[in-house]
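A.B. asks: As a plain string of letters, each chain reads:
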Amino acid sequence: MRRQSKSGGKTSDQMARDLRSKSELDFLRREVQRLRKLVDPDADPKSAPGVDAKTAKPAAPSPLSLENPFLSLNPDDLPPAIEPEADDEAHFDPGPLIGQIADLTAAKQRLSRLYFQQLDENRRRAQKLHLILENISGINAELELNALLGRLASTIRDSLGFGLVLIRLREPGTSELRASAFAGIDAEPRQRLESEHVDVEAFLSWLKDEFRISHSYFISHTSAFNATLPAGYSPGMGDREDSEWHPDDVLLVPLFNRDQDLIGYVSVDDPEDRLVPSHEVIETLEIYGHHAVVAIENARLYRELERHTRSLEESQRQHHEMHQLKSNFLQTVSHELRTPISAIRAFVDTLLGAGYGEISHQQMRHFLSIINEETQRLSRLIESLLDLNRFDSGITRLSRQPVDLSEIVQETLQLIEPVAQVGRVSLKVDVRCADTRVDASRDQMRQLALHLGSNAVKFTPAGGSVTFVLTGDDRELELEVVDTGIGIPRESLERIFERFYQVDSSLVRRYGGTGLGLAICKSIIDWHGGRIRAESAPGQGSRFMVSLPRKTRPRVIVQRGPTPEAAAEDVLRLAIEMVAEVMGARIVSLLCPEDDGRLVIRAAMGVDPDIVQSTRVEPGEGVAGWVAEHRRPVCVSGNESNPEVPGSGRPFYRSRTFMSVPIEHDGVLLGVLNATDPVSHEHFDAEDCHLLLQLAQRLAAAWQQTLEAQEQQAGVAGTAQTLRQLLRHFERGRRSAPDRVRLARSLARSLDCSEAEIAEISFAASVHDVGMNELGEQIVEGAGTLNDDERRRVEGHPEAGVEMLAPLETAGGVRELVLSHHEWWDGSGYPRGLSGEDIPLGGRILAIVDAFESMTVGRAHRASMTREDALRDIARLSARQFDPRVVERLSAALEELESLDVESSAFESKNPE
Amino acid sequence: MAKGKILVVDDEIYIVHILDFSLGMEGYEVLTALDGEQALEVARTEQPDLIVLDIMMPKLDGYETCKQLKADEKTRAIPVILLSAKGRHTDQKIGYEVGADDYITKPFSPRKLVERINTLLGQFGSQRMQA
Numbered sequence: 079m080r081r082q083s084k085s086g087g088k089t090s091d092q093m094a095r096d097l098r099s100k101s102e103l104d105f106l107r108r109e110v111q112r113l114r115k116l117v118d119p120d121a122d123p124k125s126a127p128g129v130d131a132k133t134a135k136p137a138a139p140s141p142l143s144l145e146n147p148f149l150s151l152n153p154d155d156l157p158p159a160i161e162p163e164a165d166d167e168a169h170f171d172p173g174p175l176i177g178q179i180a181d182l183t184a185a186k187q188r189l190s191r192l193y194f195q196q197l198d199e200n201r202r203r204a205q206k207l208h209l210i211l212e213n214i215s216g217i218n219a220e221l222e223l224n225a226l227l228g229r230l231a232s233t234i235r236d237s238l239g240f241g242l243v244l245i246r247l248r249e250p251g252t253s254e255l256r257a258s259a260f261a262g263i264d265a266e267p268r269q270r271l272e273s274e275h276v277d278v279e280a281f282l283s284w285l286k287d288e289f290r291i292s293h294s295y296f297i298s299h300t301s302a303f304n305a306t307l308p309a310g311y312s313p314g315m316g317d318r319e320d321s322e323w324h325p326d327d328v329l330l331v332p333l334f335n336r337d338q339d340l341i342g343y344v345s346v347d348d349p350e351d352r353l354v355p356s357h358e359v360i361e362t363l364e365i366y367g368h369h370a371v372v373a374i375e376n377a378r379l380y381r382e383l384e385r386h387t388r389s390l391e392e393s394q395r396q397h398h399e400m401h402q403l404k405s406n407f408l409q410t411v412s413h414e415l416r417t418p419i420s421a422i423r424a425f426v427d428t429l430l431g432a433g434y435g436e437i438s439h440q441q442m443r444h445f446l447s448i449i450n451e452e453t454q455r456l457s458r459l460i461e462s463l464l465d466l467n468r469f470d471s472g473i474t475r476l477s478r479q480p481v482d483l484s485e486i487v488q489e490t491l492q493l494i495e496p497v498a499q500v501g502r503v504s505l506k507v508d509v510r511c512a513d514t515r516v517d518a519s520r521d522q523m524r525q526l527a528l529h530l531g532s533n534a535v536k537f538t539p540a541g542g543s544v545t546f547v548l549t550g551d552d553r554e555l556e557l558e559v560v561d562t563g564i565g566i567p568r569e570s571l572e573r574i575f576e577r578f579y580q581v582d583s584s585l586v587r588r589y590g591g592t593g594l595g596l597a598i599c600k601s602i603i604d605w606h607g608g609r610i611r612a613e614s615a616p617g618q619g620s621r622f623m624v625s626l627p628r629k630t631r632p633r634v635i636v637q638r639g640p641t642p643e644a645a646a647e648d649v650l651r652l653a654i655e656m657v658a659e660v661m662g663a664r665i666v667s668l669l670c671p672e673d674d675g676r677l678v679i680r681a682a683m684g685v686d687p688d689i690v691q692s693t694r695v696e697p698g699e700g701v702a703g704w705v706a707e708h709r710r711p712v713c714v715s716g717n718e719s720n721p722e723v724p725g726s727g728r729p730f731y732r733s734r735t736f737m738s739v740p741i742e743h744d745g746v747l748l749g750v751l752n753a754t755d756p757v758s759h760e761h762f763d764a765e766d767c768h769l770l771l772q773l774a775q776r777l778a779a780a781w782q783q784t785l786e787a788q789e790q791q792a793g794v795a796g797t798a799q800t801l802r803q804l805l806r807h808f809e810r811g812r813r814s815a816p817d818r819v820r821l822a823r824s825l826a827r828s829l830d831c832s833e834a835e836i837a838e839i840s841f842a843a844s845v846h847d848v849g850m851n852e853l854g855e856q857i858v859e860g861a862g863t864l865n866d867d868e869r870r871r872v873e874g875h876p877e878a879g880v881e882m883l884a885p886l887e888t889a890g891g892v893r894e895l896v897l898s899h900h901e902w903w904d905g906s907g908y909p910r911g912l913s914g915e916d917i918p919l920g921g922r923i924l925a926i927v928d929a930f931e932s933m934t935v936g937r938a939h940r941a942s943m944t945r946e947d948a949l950r951d952i953a954r955l956s957a958r959q960f961d962p963r964v965v966e967r968l969s970a971a972l973e974e975l976e977s978l979d980v981e982s983s984a985f986e987s988k989n990p991e
Numbered sequence: 008m009a010k011g012k013i014l015v016v017d018d019e020i021y022i023v024h025i026l027d028f029s030l031g032m033e034g035y036e037v038l039t040a041l042d043g044e045q046a047l048e049v050a051r052t053e054q055p056d057l058i059v060l061d062i063m064m065p066k067l068d069g070y071e072t073c074k075q076l077k078a079d080e081k082t083r084a085i086p087v088i089l090l091s092a093k094g095r096h097t098d099q100k101i102g103y104e105v106g107a108d109d110y111i112t113k114p115f116s117p118r119k120l121v122e123r124i125n126t127l128l129g130q131f132g133s134q135r136m137q138a
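Read top to bottom, the protein sequences are chains A and B.
Going by our numbering, the first residue of the first sequence is number 79, and it counts up by one from there.
Going by our numbering, the first residue of the second sequence is number 8, and it counts up by one from there.
Derived by calculation from the structure, the hints in this document are not laboratory data.
No experiment lies behind these values; they were computed from the predicted model shown.
The beta carbon of each residue, even a glycine, is placed where N, CA and C say it ideally should be.
Careful, some of the hints might be misleading.
Partial list, computed: chain A residues near chain B (C-beta under 8 Å) [claimed, not checked]:
id, residue
1, 386
2, 389
3, 420
4, 423
Calculated Cβ distances over 12 Å to all of chain B for the following chain A residues [what the hints assert, rightly or not]:
id, residue
5, 415
6, 427
7, 607
8, 786
9, 891
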C-alpha cells in the first residue's frame with residue numbers, strides 16, 4: 079500500500095530515487111527502528127525487523143487497541159524487512175523500504191499529533207481541576223445558605239454543562255425535601271417545584287443499587303421504575319437518539335452528612351453535550367456535592383451561631399439596661415431619702431442654734447410638726463422600699479386564701495373616707511358580679527386597694543368622684559378604680575408603674591406620695607399572677623384596672639440540675655403541673671437519680687421547699703427507692719400496705735393514698751414520678767395508676783428531647799469553636815498557606831493520587847497545623863529550645879488539631895492526614911510512631927511540605943534557608959524522616975509550580991487587568 | 008434697712024420655709040421661687056444680692072438655671088450658691104462649670120449656710136468697693 083507522504087509531497091518512487099547511498103540507507107534503517115519503537119515500545123528490539131533478520135520471525139500481530147488508535151499500523155502490514163547484509167546494492171530495491179518509511183512517518187505524525195492532543199487534554203484537565211477547586215473554595219466561603227445554594231447550582235451548571243440544576247434540601251426537623259436552589263429553570267416551573275416537596279423516605283427508596291454509579295444514581299428513561307417517579311421538570315429537548323440523554327432520564331446526587339443522614343440532593347438535567355454523563359463528570363458532581371454538604375452544614379451552623387450571638391447581644395443589652403435602671407433607681411432613692419432628711423436636719427439645726435426667745439412658741443410648734451411630718455414621710459418611704467425589696471428577692475412567703483374583694487373595698491372606703499370628705503370627693507362602689515372572691519393574700523389585697531383608692535382621691539379635685547368597680551368571669555376578677563381627677567399624660571402612662579417615676583415630682587410631694595405606690599401595686603399583682611394597666615384622659619380622669627386570677631396554682635418548685643437550662647426547668651414545671659391537673663393530685667414530685675444512684679427531688683408541687691432541697695433517697699429505700707430499683711409502679715390505697723414495698727404502710731403527707739411510677743427511656747431510669755393527696759379525697763385506684771404510667775411515658779419522651787436539645791446546643795458551641803480556631807489559623811498563615819497547598823497538590827498529583835485524594839491532601843495542607851493554635855505564641859514563634867512540657871505540648875499538636883477538626887471533618891481522611899504529618903519514615907516520629915507505607919501517603923506528603931515551608935519561610939527562632947539548602951537538607955533525611963519517593967519528586971514539583979507562576983505572570987502581563 | 012436681698016429657690020416648700028426663717032432672723036430680705044423659670048424672672052426683676060439654688064427641680068433644673076443666670080448681662084454678677092442632695096464629686100464639678108460660686112450638699116445646716124452667705128457677700132462687697 080503506497081501512501082502519499084504528507085510532509086514531502088513526493089511519491090515513494092521519487093523518494094527512492096533520492097535515497098541511493100548506503101549511508102542514507104543506514105539512516106533509513108535506524109529511522110525505521112526508531113519509529114517502530116515509538117509505535118510499539120514493548121517490542122523486543124532484537125526481534126525488530128532489520129536488526130536481526132535471520133532470527134526474525136513474522137512479528138506477532140499487536141492487538142489493535144482502542145486506547146491506542148494510532149496503532150492501526152500492524153507490523154504485518156509493513157513491507158518485508160530490510161536486509162542489512164545485502165552486499166549488492168544494485169539488487170537492493172528501496173521501493174518497499176520507502177513505502178515503509180512513508181507509512182511510519184505518517185504514523186509518527188499521528189503519534190505526535192496525539193501526543194499534543196494528550197498534552198492539551200491534560201492541560202484542560204488541570205485547568206478544570208483548578209476551576210473545581212476555585213469553585214469549591216468559593217462555595218465553602220459562602221456562609222449565607224441561600225447564596226451558597228444559588229452559587230452551587232450555577233457552578234454545577236456552568237462548569238459541568240448541565241442546562242438544568244435543582245437542589246432540594248431537607249428543612250431540619252421535617253421529612254420534606256424542598257426545592258432550595260435552581261439553575262436554568264424558568265420562574266413558572268420553578269414555582270411548581272417549590273410548591274411540591276419530596277418525602278425523604280420516598281427519595282431514599284429511589285436509590286436502588288441497580289441505578290448506582292459511584293455515589294450517585296442514574297435512573298434511565300428506559301427503566302420501568304422511571305415511570306413511577308413523580309413528574310419532575312422536563313423541558314422539551316427535541317428528538318434524541320437512544321444513546322443520548324433523554325428528557326426523562328434522572329441523575330441524582332444524594333447529599334449525606336457525617337451521620338449518614340440525608341440532608342438533600344442535587345438533580346441535573348439537559349447536559350449540553352447531549353450525552354449521558356461520564357463517570358468523570360459524575361465524580362466531579364460528587365466532589366461538589368461532598369463539599370456542599372460541609373458548606374451547607376457550616377452555613378446552618380453559622381446561622382445558628384449568628385442567632386446565638388444576637389440573643390447574647392440582646393441579653394447583654396438587657397443586662398446593661400437593668401444595670402442602668404438599678405443605677406438610676408439608687409440615685410433616685412438617695413435623692414428621695416435625702417429630701418426629708420434635709421428638711422428635718424435644717425429645722426433641727428435652726429431650733430438648736432436659736433438663742434432664747436428668738437423663736438416664738440408658735441413657730442417652734444410649727445417647726446416640730448414639720449419635722450414630725452417629714453419623719454413619717456421618711457419611714458413610709460423606707461417601708462415601701464422594704465416592701466418592694468421583699469417582692470424583688472422573692473422572700474415574701476405569703477399564704478393565699480379565699481378573699482372577698484368586695485369586703486376589702488368596703489374596708490378601704492372607710493379608711494379613705496375622711497380624706498375624701500376633706501377634699502370633697504365622693505366615693506362609690508359598683509359590684510357587677512355575684513362572686514367577688516379570689517385566691518389571694520388578704521394583706522396584699524388591702525394594700526393594693528388602699529394605694530389605688532388614696533391615689534385616686536389625692537389627684538381628684540373637689541367635686542369629683544372615685545368609683546370602685548368589681549367585674550369578673552369564672553377565671554378572673556377585675557377591680558377598677560375610676561376617678562374624675564387631673565389624669566395622666568399619655569407619654570407617662572406606660573411609665574407610672576416604674577419606681578419613683580413621677581409625672582410631676584412637686585405634685586407628688588405636695589400630695590405626700592413616695593413615688594413607689596404604683597410600683598408596689600404592680601409587684602403585688604405580679605406575685606398573684608395578675609395584670610395591672612391604666613387608661614387616662616388628661617383633665618377628665620384616670621382608670622386603673624387590675625385583673626386577678628380566681629384560682630392560683632400552687633407553685634412548682636424546680637431544683638437546678640447539673641445543666642441549669644431555663645428551657646429544661648420550664649419543661650419540668652409544666653410536666654408537674656400537667657400531672658397534677660390530669661391526676662387531680664395536690665402533691666406531685668419528680669425524683670431523679672444522681673450520679674451516685676441516690677434520688678433527689680428535681681421538681682415538686684405542694685412539697686415544702688426545705689424538703690425538696692434536703693431529700694435524698696437511697697436506692698431501695700422507701701417507696702420511691704423501691705420503684706427506682708424494681709422499675710415497677712406502686713399504688714397504695716387506704717391502710718393496706720404492700721408487704722413487698724417497704725414503708726408503703728405509713729401515711730404520706732396528709733394523704734393515705736399514694737402512687738409512684740418509674741420514668742424510663744431506652745431502659746435507662748430517668749426518674750420516679752409520685753402523686754398523692756387527691757383533690758377528690760378518694761383513693762387512687764389501679765386505673766389512676768395506669769394513667770400515671772401513661773403520663774410517665776410521655777414525660778420520658780419530652781425529657782429525653784430536652785436533654786438532646788441541650789446536647790445539640792453544646793454541639794453547636796463546639797462547632798463554633800472549631801470555626802473560630804480555623805479562622806484564627808487561616809489568618810495566621812495567610813501568607814504561606816497557598817504555596818503549601820499548591821505544593822502538596824502538585825506532589826500528590828505526581829504520585830498518581832486520585833482526584834478525591836488530591837482534594838483531601840490539599841485541604842489537609844491548609845489545616846494540618848491548626849493544633850498549633852493551642853500553643854502559645856512564644857512556643858510557636860519563640861526562640862530557644864523547648865522545655866519538656868513545651869515539647870510535650872508541641873508533639874500533641876497533631877492530635878489537638880484532629881480534635882478541633884472533628885466537628886467539621888465529616889470523613890476521617892483529612893483527620894488521618896493531619897494526625898500523621900509528623901510521623902517519620904523510619905518510625906521515630908509522633909504521635910503513633912508509624913513507619914514506611916503504614917503512614918498514609920498524604921501524611922508523608924504533608925511531612926515534606928511542612929518541613930520545606932518551615933525551612934524556607936523560617937520561624938522566629940530559625941532563619942530561612944534558600945530553596946537549594948532546604949532541598950539538600952530534605953534529601954539528607956530521605957528514608958529517615960521522609961518517604962524517598964516523595965523526596966524524589968519534590969524538586970520537580972517545585973519547578974512545575976514555578977513554571978506555572980511564570981506562565982501565569984506572563985499571562986497577567988498580557989492582560990493588565 | 009435689710010442687710011441684703013437673697014433669692015431662695017427650691018421645690019421643697021419646707022426648705023424654702025426654713026431658709027426664709029433663718030435668713031430673716033439674720034436680717035436679710037428673702038425672696039422665694041419654687042422652680043427655675045420663676046427664679047430667672049425674679050432674679051431679673053428684683054436683682055437680689057445672692058441666690059441659693061436647688062439643683063433637682065421640675066421645669067428648669069438648677070444647673071440650667073445657673074447657666075442662664077450667668078449668661079444674662081443683668082444677672083451675671085449675682086453670686087450663686089448651689090444647694091443639692093447630689094453629693095457626688097462630679098455633681099459639684101458640673102456646678103462650678105455652670106458658674107456657681109459655692110456648692111452646699113443636703114442635708115445642710117442653715118446656720119452654716121448663713122455664715123457662708125455672710126462671707127460671700129462680705130467678699131463681694133469689698134470687691135465692688137475696689138472696683
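A.B. asks: Taking the hints in turn, state whether each one holds.
C.D. replies: Hint-by-hint comparison with the structure:
Contact between residue 386/A and chain B, as hinted, is not supported at the beta carbon level, the nearest pair being about 38 Å apart and thus beyond 8 Å. Given hint, residue 389/A at the interface with chain B, is violated; its Cβ is 35 Å from that chain's nearest Cβ, farther than 8 Å. The restraint placing residue 420/A at the interface with chain B holds, with a minimum CB-CB distance near 4 Å, inside the 8 Å limit. A cut of 8 Å between beta carbons decides the hint on residue 423/A: the least distance to chain B is about 4 Å, and the hint holds.
Separation of residue 415/A from chain B is inadequate, the least Cβ-Cβ distance of about 9 Å not exceeding the 12 Å criterion. With a least CB separation of 4 Å from chain B, residue 427/A falls inside the 12 Å interface cut-off, contrary to its annotation. Residue-level check passed: residue 607/A sits 37 Å from the nearest beta carbon of chain B, beyond 12 Å. Against the 12 Å criterion, residue 786/A stays outside the reach of chain B, whose nearest CB is about 53 Å from its own CB.
Residue placement check: residue 891/A keeps its beta carbon more than 12 Å from all beta carbons of chain B (closest about 64 Å).
Hints 1, 2, 5 and 6 from the earlier list are contradicted by this structure; the remaining hints agree with it.
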